[in-house]
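Novice: Listed below, chain by chain, are the residues.
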Amino acid sequence: MRLSSIAALAAAVLLVVGCQTPPERSGAAAGSGAAAGGAGVSGRGATDGVDRMAGTLSEQLAQVGDRVFFAFDQYALTPEARGTIEGQAALLSRHSGITVRIEGHADERGTREYNLALGDRRAHAVKDYMVALGISPGRITTTSYGSERPAVLGSNEQAWAQNRRAVTVVFTDRVGS
Amino acid sequence: MRVPGQVWLSGSRRFWQAVPAGVLLAVAWVLLAGRPALGELSIDITRGVVEPLPVAVVEFAGTQANEREYGRDVARVIAANLERSGLFQPVNPAAFIQREVPLDATPRFGDWRVINAQALVHGRVMLQADGRLQADFRLWDVFAERQMAGFTFVTDPRNWRRVAHIISDAVYKRITGEDGYFDTRIVYVAESGPRDNRVKRLAIMDQDGENHRFLTDGSDLVLTPRFSPTLQEITYLSFHRGRPQVFIYNIDTGRQESIGDFDGLSFAPRFSPDGTRLVMSLSREGNSDIYAMDLRTRQLRRLTAGTGIDTSPSYAPDGRQIVFNSDRGGSQQIYLMDADGGNVRRISFGQGRYATPVWSPRGDLIAFTRMHQGRFFIGVMRPDGSGERLLAEGFRVEGPTWAPNGRVLMYFDEEPTRAGGSGRSRLVSIDLTGRNKREVPTPTDASDPAWSPLIP
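Protein chains in written order, with the numbering used here: chain H, 1 to 177; chain U, 1 to 456.
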């Protein structure tokens with residue numbers, strides 16, 4: 001439950017990415033603008049509590065981009081994806097207390113089991129690059145949803161391109177340095 | 001009451017939750033079923049049937065009202081099974097001239113010939129003093145005026161559907177020479193909700209859609225259930241705590257058990273033909289390989305290596321080889337290996353990508369999903385890769401599963417996603433000729449079907 005609520009928070013917060021990430025339909029994301037406290041954390045409060053820290057980190061993650069995209073049936077990182085991951089890694093190195101989970105996804109143009117493996121490969125491609133950038137592998141977990149959780153609904157190239165993705169989600173938030 | 005040749009069945013009953021333990025199902029073969037002799041009424045199912053065989057299924061006789069009710073229901077289920085096979089065409093009962101056929105009398109064959117019924121099925125239901133149901137049945141070749149099969153069951157009345165399925169299997173076998181597949185069940189994934197937040201539950205039903213029930217509550221996303229050959233267990237994938245892991249579901253107890261907490265993901269599980277092992281994919285550091293697990297010792301044995309995605313393994317019925325899916329050559333193709341991982345060779349060479357190979361229980365064919373130019377296909381090929389035939393096509397058709405006689409496949413057919421996230425997904429059965437394609441009724445959207453073995 002904790003995981004999904006954090007994921008929902010991340011989804012809500014990440015709307016600020018704007019045109020690159022169409023609104024997710026799930027839960028708190030719908031209609032909540034920017035990083036307002038739609039997902040149940042104390043949004044832009046004045047105190048420096050843990051909850052606010054979570055919001056802040058997710059906001060910052062949103063600013064650098066929480067997700068990277070892949071070509072059809074590929075897991076190689078594009079130059080754009082590398083740039084995004086570099087931003088994520090910089091954020092992670094500034095906040096050594098946070099850990100992240102990278103969720104790999106595939107579009108619906110493949111078979112279920114292969115898509116799980118492909119999503120797993122994509123998540124690891126992101127993780128491997130983060131580790132190469134100096135982030136401890138112990139701070140990064142991965143999973144794959146295959147084609148089970150599309151970000152964009154639709155059976156067309158535009159939707160598929162958005163669904164072939166790896167999303168970095170703030171997994172646990174301890175007050176970092 | 002015991003007659004020579006009587007067979008007592010008891011082992012499979014726990015599979016049927018409605019039936020209390022201790023009730024025996026007795027079968028007496030009056031005439032042995034077998035391959036049709038030359039000149040007998042028969043169907044060669046390998047050729048595909050353009051004209052289904054007309055069969056008359058008469059309501060089973062009974063003396064009391066409730067016996068006659070069972071008799072009507074049993075006949076209705078038999079007729080529906082035979083019709084769905086595509087090999088038989090039940091004659092409309094309104095056309096029957098002889099309305100009732102006494103169990104031990106010879107039918108008035110002329111009355112049946114005149115309405116062109118080539119085969120005749122009839123029988124009798126009796127409720128015994130101890131509350132058990134006795135069902136007798138007869139199969140006649142109308143034109144040869146000869147009895148082809150007949151036997152007697154004694155069982156709990158709640159088993160009446162199973163009686164109808166076993167009789168259907170006997171008719172199918174006597175006329176086609178092949179084992180039937182009506183006394184079987186389907187486990188599948190019942191789907192609801194929009195596609196980006198789909199709720200998926202394991203569900204089980206008889207092959208005709210009856211006796212449907214949900215096995216899981218939908219709190220965890222589940223995929224790809226497959227039967228154990230012993231029928232009491234199902235292996236499947238569950239996103240328990242957000243990570244794909246292989247589980248085993250015990251049908252008797254409802255217990256769901258993880259087979260182990262691995263470093264990475266575990267998925268694509270399938271039982272070995274003897275039920276002692278699971279073969280599946282484990283991913284470590286982003287690399288999926290195939291492993292076999294001894295279910296008793298939980299020992300893992302790695303069968304593939306290398307950087308490619310190796311998944312969707314399926315044993316040959318003799319357990320000696322495994323067919324699987326790999327992109328080691330650059331794109332998804334089908335490969336064979338020995339059960340110890342040796343002697344790997346590629347068998348699919350057509351255009352596009354090949355996936356989800358499943359070995360037929362007969363051993364003669366491998367069913368697969370093929371993707372080419374934006375379309376999905378269900379097809380079959382021989383284990384050496386020759387003789388490829390495509391049977392079905394769609395936007396997304398995937399995941400074939402074999403009926404236990406190796407003559408019929410079931411798969412799922414998913415429509416494109418529509419605005420708002422809807423789009424139907426349903427189960428479809430198709431025979432090997434590709435002529436007899438049927439939607440399988442389910443209460444909700446459905447995917448990932450798995451056909452059980454014949455209930456022993």
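To be clear, the hints were calculated from the coordinates, so they are not data collected in a lab. Backbone N, C-alpha and C define an ideal beta-carbon position, used for all residues, glycine too. Don't take each hint at face value.
Reference listing, derived: stretches of chain H covered by chain U, where coverage requires no fewer than 3 residues with Cβ under 8 Å from a Cβ of chain U [unchecked claim]: (1) 61 to 71; (2) 90 to 100; (3) 137 to 151.
Under 10 Å between C-beta atoms, here's a sample of chain U residues computed to sit facing chain H [stated by the list, open to error]: (4) G242; (5) F262; (6) G286; (7) G387; (8) L391.
Novice: Each hint needs a verdict: does it hold in this structure or not?
Specialist: Structure-based check of all given hints:
no. : hint       : verdict
1   : 61 to 71   : violated (count 0)
2   : 90 to 100  : violated (count 0)
3   : 137 to 151 : holds (count 9)
4   : G242       : holds (5 Å)
5   : F262       : violated (12 Å)
6   : G286       : holds (3 Å)
7   : G387       : violated (22 Å)
8   : L391       : violated (17 Å)
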